[in-house]
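Student: So for the sequence shown, this note's numbering puts the first residue at 195; every next one is plus one.
Any given hint could turn out to be false.
Said to hold, decoys possible - DMTMM-like, lysine to aspartate or glutamate: derived pairs with alpha carbons at most 20 Å apart:
#, residue 1, residue 2
1, Lys239, Asp228
2, Lys207, Glu238
3, Lys239, Asp203
4, Lys207, Glu224
5, Lys239, Glu224
Said to hold, decoys possible - If you anchor each label on the Cβ, the simulated ranges turn out as follows:
#, residue 1, residue 2, range
6, Lys239, Ile204, 19 to 27 Å
7, Asn197, His218, 39 to 47 Å
8, Tyr212, Leu258, 38 to 46 Å
9, Ile254, Glu224, 21 to 29 Å
10, Ile246, Tyr220, 41 to 49 Å
11, Met235, Met195, 31 to 39 Å
12, His256, Asp228, 37 to 45 Å
Honestly, the hints are just simulated from the structure, not real lab data.
Glycine residues also receive a C-beta, built at the ideal position from the N, C-alpha and C atoms.
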Amino acid sequence: MENLALTLDIIGKIMIAYTAISVHGYVSREHRIDRAVFRAMRREKIVGILGIVFMVAGYIIHILR
């Protein structure tokens, strides 16, 4: 159970880091905010929220263990 909690925690952190890096990279390449950038930002927002859910789930598993 400990390994599951740690795994979910690290997956969540990686997903959130990926989200920030990806969106910033996309905006810097495009040099403008258009429909494609908004679509990418919306997709990355979902990945970020899922990452937060994984971190919270890992924390809860760790505490309840």
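Student: For every hint, state whether the structure bears it out.
Tutor: Okay, the hints, checked on the actual structure:
Restraint check for Lys239 and Asp228: the C-alpha separation of about 16 Å stays at or below 20 Å, so the hint holds. As the CA atoms of Lys207 and Glu238 are separated by approximately 14 Å, the hinted pair is consistent with the 20 Å bound. Among the hinted pairs, Lys239 with Asp203 is consistent with the structure: their alpha-carbon atoms are about 18 Å apart, no more than 20 Å. With a C-alpha separation of about 26 Å, the suggested pairing of Lys207 with Glu224 is violated against the 20 Å cut-off.
For the hint pairing Lys239 with Glu224, the CA-to-CA distance comes to about 19 Å; that is within 20 Å, so the pair holds. For the hinted restraint 19 to 27 Å between Lys239 and Ile204, the CB-CB distance of approximately 21 Å keeps it satisfied. Hint check: Asn197 to His218, Cβ distance near 32 Å, so the stated range 39 to 47 Å is violated. Separation of Tyr212 from Leu258 is about 28 Å and departs from the stated range, judged on CB atoms against 38 to 46 Å.
Taking 21 to 29 Å as the suggested C-beta distance range, the pair Ile254 and Glu224 does not conform, at roughly 38 Å. Range check, Ile246 to Tyr220: Cβ separation about 21 Å, and the 41 to 49 Å hint is violated. In this structure, Met235 and Met195 meet the distance hint of 31 to 39 Å, their C-beta atoms being roughly 36 Å apart. Checked against the hint of 37 to 45 Å, the pair His256 and Asp228 passes, with Cβ atoms roughly 42 Å apart.
Hints 4, 7, 8, 9 and 10, counting from the list given before, are not met by this structure.
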